[in-house]
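Residue numbers (the working numbering), protein chains in the order written: chain A, 1 to 258; chain B, 259 to 581.
By construction, these hints were calculated from the structure, which means they are not laboratory data. Just so we're clear, the structure is a prediction, and the values are computed from it rather than from any experiment. Don't be surprised by glycine CBs; every beta carbon is placed ideally from N, CA and C. Among the hints, a few may not be true.
Unchecked claim - Taking CB as the label site, the calculated pair distances span:
(1) 55(A) x 341(B): 49 to 55 Å
(2) 69(A) x 406(B): 37 to 43 Å
(3) 275(B) x 26(A): 46 to 52 Å
(4) 519(B) x 102(A): 39 to 45 Å
(5) 541(B) x 102(A): 51 to 57 Å
(6) 275(B) x 33(A): 49 to 55 Å
(7) 321(B) x 16(A): 37 to 43 Å
(8) 102(A) x 461(B): 35 to 41 Å
Unchecked claim - Partial chain B-side listing against chain A, Cβ under 10 Å, derived:
(9) 300
(10) 378
(11) 445
(12) 520
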Amino acid sequence: MTPLLQVEHLGKQYRLPRESLWHSAPVVQALHDVSFTLQAGRSLGIVGESGSGKSTLARLVMALESPSSGRVLMNGHDLHALPPPALREARAGFQMVFQDPYASLDPRQRVGRIVAEPLTTPDPQRVVEALDAVGLRAADADKYPHEFSGGQRQRIAIARALITRPKLIVADEPLSALDVSVQAQVLNLMQDLQQQFGIAYLFISHDLAVVEHLCDEIAVMQAGRIVEHGPTEHVLRAPAHACTRALLDAAPGSAVIL
Amino acid sequence: MSELLAVSDLRVRLDTASGPADALRGVGFTLAPGETLGLVGESGCGKSMTALAVMGLLPDGARTSGSIRFQGHELVGLADEAMCELRGNRIGMVFQEPMTALNPLHTVGRQIAEPLRQHRGISAQAARAEALRLLDRVHMPQAAQRLDAYPHQLSGGQRQRVMIAAALACGPDLLIADEPTTALDTTIQREILDLIAELVADSGMALLLISHNLDVMAQRVRRLLVMYGGSVVEDGPTERVFERRAHPYTRGLFGARPRLGAGSGQRLPTIPGRVPELADLPVGCPFADRCPWVVDACRDAPPAAMPVGPAHDARCIRLDAVT
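Let's have the full structure, built from the sequences with the hints guiding it.
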């Protein structure tokens, strides 16, 4: 069976502005030879410090940028080799949820329109279904984002991701802008949606406790490479790489026995 | 006089688009010299508002009543000039986002020296030497070179060290840290919290730490105040609050966080409903609409503080039922 997502030897370089006329522009290697596979309906957590390449990886998987080397295969098709019309069609299969629900929703558009945006043809019934799936009411479609709390806004962002009935959702720190009690609600929602619709998650976070809660597998990134990858329980119980141990030690609460 | 800071019945009313809002509804606590106190709660509960009130930095149009006594002086209603004498001098402050709190146009050396020039009136040269000593004190790598650096040339953790150095410049008696590590990576978070703990232990200053992160609180403060809807709903020694969780909100908050080592799969307990708007807080207990133990009497009047144990109380009339 072809896996849902296959990332093969992915690399990404960014060229920085020239510092002087006589030197070539410096190059940053943001990703080095990153490979993994994600099966349908499973979830993979990506953890690591800022600058370790987590978000670059997310942008490449979402085909928002092109890799310098390597391939991203979605259902066996090389995403970055698809012609634009085919890519547009394929995009219905993978959606993204961003960190800050205050910045990722257009304040001048009604919720119904925001949620319907990924659809090629308007379909009010699908909007109602998507809102219902995240626990919002049909009447909420006529409101503007500012009328909602942070947790509700993140539900709207998730509804927008769900509307194309994707097989994969890439979530980049979707909980870190939310309060503790609201985090729990959104985390439960993501779990329910996974069971209900068989969605796979690529879940980027710096919070190991959240990743442990949601993800079957965990990949630890450092300086653009995956330094450790395995079943969540195994990696957290017996971390093999120094970077994983440092993250575990630093996790607030790891030293507290309650 | 054994108290450094004594806050009693502090009320702050703000004018908002949706009418007057009671941001603080009778907050009270005391802080002894060298003591560490934590304020924990979710957005809009009033924890930052409490810190701003102590620092005299409330937004324009805020109406304050009650009392904030710092070293015996009343701060409520104090003139701006007198407040400026204290701020940055006897009271040091560290904010959440060091990039916005630091001036991008000035070198870090100048910004650390600013409170010294302001409050001590020392020469530029002496201030620079002192700034270097302070950068060393906060364990800034290559402190001498960093003195002439601009904030954008530093990492987030280094910027927060600069903020702490500036807060320490005048040897304050009280350090207020409002979410000092929220914008930082987990490993850097720990370094900064360790640094603050070390400085507090060495200098004997008191610490008022504000955070939404319960795990940070467990390790860093002796006493913990849980805030909700503009009031302190539970107040006690940190380990007692963690053990007893007397107030229903404390219980909900502690239960809702995912814990490392808890395994995966099971649902997290959540608090139903949402945080009430400050503009239309209920007359009675602010948590009544979300509380599983609510009875009619809860909605009649704001509950008084009930003793839970030694130096530990909670504002709930149903303490016996909450188990």
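Comparing the hints with the structure gives:
1. 55(A) x 341(B): 49 to 55 Å: Violated, at about 42 Å.
2. 69(A) x 406(B): 37 to 43 Å: About 40 Å separates the Cβ atoms of residue 69(A) and residue 406(B), which means 37 to 43 Å holds.
3. 275(B) x 26(A): 46 to 52 Å: holds (48 Å)
4. 519(B) x 102(A): 39 to 45 Å: violated (32 Å)
5. 541(B) x 102(A): 51 to 57 Å: With Cβ atoms ~31 Å apart, the hint is violated.
6. 275(B) x 33(A): 49 to 55 Å: holds (53 Å)
7. 321(B) x 16(A): 37 to 43 Å: violated (51 Å)
8. 102(A) x 461(B): 35 to 41 Å: Roughly 38 Å apart at Cβ, these two residues keep to the hinted range, so it holds.
9. 300: holds (4 Å)
10. 378: Violated: closest Cβ of chain A sits about 37 Å from residue 378(B), beyond 10 Å.
11. 445: Holds, about 4 Å.
12. 520: Holds - the Cβ of residue 520(B) comes within 10 Å of chain A, reaching about 7 Å at its closest.
Comparing the model with each earlier hint shows violations of hints 1, 4, 5, 7 and 10; every other hint is respected.
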